[in-house]
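Asks: Here is what each chain is made of, one letter per residue.
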Amino acid sequence: MATEKTNKINLDQVRHIALLARLELTADEEQRMLGDLEQMLEYVDKLNELDTAAVEPTAQVGDIGAAMRDDVVATCDDPQSILANAPDAREQMFKVPKIIE
Amino acid sequence: MSASSEKYEAVIGLEVHAQLLTRSKIFCGCSTEFGAPPNTHVCPVCCGMPGVLPVFNRRVLELAIRMGLAAHCTIAPRSIFDRKNYFYPDLPKGYQISQYETPLCKGGYIELPGDGDNGGPTRIRLVRIHLEEDAGKNIHAPDCSLVDFNRSGVPLTEIVSEPDIRTPEQAGAYLRELRSMLRYLEVSDGNMEEGSFRCDANVSVRPRGSDSLGVKTEVKNMNSFRHVEHAIAYEIERQIELLEAGERVVQETRLWDPDRGVTRPMRSKEYAHDYRYFPEPDLPPLIVPPDLVEQIRIAMPELPAARRARYTSEMGLTPYEANVLTQEREIADYFEAVLPGLKNRKAAANWVMTEVLRVVNESGRGVAQSVPAPAEVGSLLKMVEDGAISLNAAKTAFAAMCKSGKNAKATVSELGLLQVSDEAAIAAACDEVICAEPAKVAEYRGGRDKLFGFFVGQVMKAMGGKANPKIINEVLRRKLAAS
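So the sequence lines, in the order shown, correspond to chains A and B.
Numbering-wise (the numbering used here), the first sequence opens with residue 1 and increments by one.
Numbering-wise (the numbering used here), the second sequence opens with residue 102 and increments by one.
Derived by calculation from the structure, the hints in this document are not laboratory data.
Backbone N, C-alpha and C define an ideal beta-carbon position, used for all residues, glycine too.
Please note that the accuracy of each hint is not assured.
Just some of the chain A residues that point at chain B, by a computed CB distance under 10 Å [as the list claims (entries may be wrong)]:
{"id": "1", "residue": "GLY62"}
{"id": "2", "residue": "ALA67"}
{"id": "3", "residue": "THR75"}
{"id": "4", "residue": "ALA86"}
{"id": "5", "residue": "MET93"}
Here are the simulated DSSO-like pairs of lysine-lysine, each with C-alpha atoms no more than 27 Å apart in a straight line [unchecked claim]:
{"id": "6", "chain 1": "A", "residue 1": "LYS98", "chain 2": "B", "residue 2": "LYS321"}
{"id": "7", "chain 1": "A", "residue 1": "LYS95", "chain 2": "B", "residue 2": "LYS321"}
{"id": "8", "chain 1": "A", "residue 1": "LYS98", "chain 2": "B", "residue 2": "LYS194"}
{"id": "9", "chain 1": "B", "residue 1": "LYS238", "chain 2": "A", "residue 2": "LYS95"}
{"id": "10", "chain 1": "B", "residue 1": "LYS238", "chain 2": "A", "residue 2": "LYS98"}
{"id": "11", "chain 1": "B", "residue 1": "LYS483", "chain 2": "B", "residue 2": "LYS496"}
{"id": "12", "chain 1": "B", "residue 1": "LYS194", "chain 2": "A", "residue 2": "LYS95"}
Isolated chain B (complex conformation):
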């Protein structure tokens, strides 16, 4: 951090659009499936034809309430839809149906994992979570633009944070937590590449310790967590440099250019911000059925924050380990299914974080499609715990099981990985080695401790690499000490 950046602090608020996991659109029966040929999931309603009426999809309400409860929001028993008016080619009606004065969810907060050094978790407060429809997609050709309305009318929640975020890293942590929650709750698939999780950032800077807010810019076009962190870091530096040079920050919308690593002002004029919101006359108020919130609350799954707390306090894992294991519900579920029968939870955690996650990430497929069932990994780790196989043998077996789909026992015996723990057999091998290497034995006894490893290696070789190294160590030490 440069000297001038220490004088300032950044004030960051994030707006996240998350696509809800519904089959059909928010106000019509068109499919929400990603990747269909252009303009095949369209109808008169989502294309804004005259005389059509929107009919609300009840699943949208259930999913949004689920997220609202997870984020500790107040759920409004009655909210209304508004029209947000602006002209753009991807907006067929000339307005977007959204919620303005009465969002479905108000207030609340997201708890970020503590990193273990700066103490406990951090809370980022939310302003609101509201419902809206997505616009179409513009594709830019050299001579014109082309519009595909498949996405028009896809249900979104917009999750708006208070400007509680102070660093690019914290913004990244907030987004990861939000995405993780949405996926745990099966509210959204959180896929940034397919546009089902999008983020805009409001960024300003002010002298450290000041309570007032500086002039902010809105940064758009960030398509990955890394982009968000880089774009915000760039924007903070840019604003500080302006202020240091005695210039002023202009309130504007800027686009992140990932190729050049800079933000630049949007070229189109934004007279919008004059959206002339008014209540949507085509939709009666959204009344939440009285029992619905309670029904949803009862059915809530355990969320990442609760799991992290359990892993650190009950299992003694570090905050880092707990965080890695809980980011994806599938992985956390897998880890817990490995545990039964095992004493060493830390070893199981390490195994899932390294071996399992590596294979899952490399395969690019789901957990169930890429690694053996968790009970099989549990049985493999149990063999390690019992000294029946070495840790290295377990890794060999695991790699084989990922390919063959065979169970742990069969794989270990097929590959001959069981280690010999028979002390008499090991002692005999040790004697042979000691007899065969009188010169080395003399050197060792004369003080060359380093030779111990050589003897272990020889015994292991004599036993075809299958002896229990712990027992070799014990026996060799005893025998070599006795002169």
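Here chain A stands alone, though its shape is the one from the complex:
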């Protein structure tokens, strides 16, 4: 099991990623994540053994180009059902905890 001494990733980075992902981790979970992420990065090292200097970054295979649609309004059959998925709603809107700007 990896520990805090690992050189691929440290606890601060784990906490930063958890913050970006809105995850609240216990000290125990942080340690487990550190280990998991360490292993993943080791695997990336393995992939890096392959020389890809001459290969363009590939975002998509095939180059057919995006399919395009005409600018025609097609109304959703039942927009109301979308709101049915909201944990909470008010005045036809999704209700969320107060946002502070």
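Fit chain B to the given chain A structure using the hints.
Replies: Relative to the frame of chain A, chain B by itself:
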């Protein structure tokens, strides 16, 4: 400008989000119509439901290329979409589909009108114009926030300038020009109140003459051109005061508070700026069809800058007049439709800038709904040119025509505005006045030149206010001189 502000110069870059004039959203068929009841223009795609796939609206591509060509950008034959990742309640997918490393349009510039004093036009370079989807709208209640996704997935272009702007006024001029271009091109309606034209400003200051850049702040929440100018002016002063006091500017996002006239730091923590962009796997690359750019280029309308140049060089209008007349395409088109048959273009320009614009602005409606057809105004001005009516009579007729919708000829004759240019009739009236006022005539001839106006007034009164004043002047001068 205070002494300390002369030591510094501001470096300003603007990011403008303009909503594209499409009927449907960028990746789904939901309507983009403004003002619908909350969450009625929504579907699984723009609400980020699992398993849905975006399909690109081709009109978005055409409109963005139109703006790109107008701004002298390079159009990328192949660009890709990226995911910009952050969590916020108005972003249902947890990412915004945008363009990062490969924008659709690169480089280019916007040419600002010269003010006539500082010489020619100024160029503000662009970094890029890229495509992205809008987020939803948050409405803040006292106890919670409410989210409406009608706007989620509405197509936007983000137009990013180089930090070439130096003053708040220049920032205002840049925004007005951009908005004017977008409206000429029918790419965006540029409506700031409805949020279809939004601006964020990056502002820093540095000692005048320095090449390095100071620490910048990003200013948001400016909902009018005036707000932008005030907010930037405030931010420049604030930063200069900090530096003068030996303190440092903190890199942060600040919100403009129009009620208090200050910028203040956003309270929410911005750990974002760590957007972890990566290529959008749900959308293949955006390939511009080979003929499309040429087709769009051929169909481009004349833009405000070209019109301004034509008005000053061919018609002899001042840069100011050319600028006022060309800001809105509708007004410039109207002005040009007034011109046929008229010799005096300057008079026509003045008429459109004062009479026509006043009525249009007061009515709050479009040109066609508020003022007579341009040919009717042309015919009114022709009557002035020919001496058939006075300028004041033309104003009276114009006001009546705006209300009645009747044509110029009918209105002028109905209101009896035709002026008498018959010299014999005017001479007879002059004789009557001269006979009736022997004392005043003697005074005038004795050197009281000021009395001339009195005689003109009397003759005009005798002729029911309809005589040609130019002819009255000529005849009276002759008759009063002869003793």
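Asks: Compare the structure with each hint and give your call.
Replies: Hints, verified against the model:
Taken as an interface hint, GLY62(A) checks out: its beta carbon lies about 7 Å from the nearest beta carbon of chain B, inside 10 Å. Interface hint at ALA67(A): satisfied, since its Cβ lies 6 Å from the closest Cβ of chain B, which is below the 10 Å cut-off. Interface hint at THR75(A): satisfied, since its Cβ lies 7 Å from the closest Cβ of chain B, which is below the 10 Å cut-off. Hint status for ALA86(A): holds, given a least beta-carbon distance of 9 Å to chain B, under 10 Å.
With 10 Å as the threshold, the beta carbon of MET93(A) comes within range of chain B, its nearest partner Cβ sitting at about 4 Å, so the hint holds. A C-alpha spacing of about 20 Å is found between LYS98(A) and LYS321(B), which places the hinted pair at or below 27 Å, so the restraint holds. About 25 Å separates the Cα atoms of LYS95(A) and LYS321(B), which keeps this hinted pair within 27 Å; it holds. Under the criterion of a C-alpha separation no larger than 27 Å, the hint pairing LYS98(A) with LYS194(B) is consistent with the structure, at around 19 Å.
With a C-alpha separation of about 12 Å, the suggested pairing of LYS238(B) with LYS95(A) holds against the 27 Å cut-off. For the hint linking LYS238(B) to LYS98(A), the alpha-carbon distance of about 14 Å falls within 27 Å, and the restraint holds. Pair hint LYS483(B) plus LYS496(B) holds up; C-alpha atoms about 13 Å apart against a cutoff of 27 Å. Taking the CA atoms of LYS194(B) and LYS95(A), the gap is about 16 Å. The hint holds against a cut of 27 Å.
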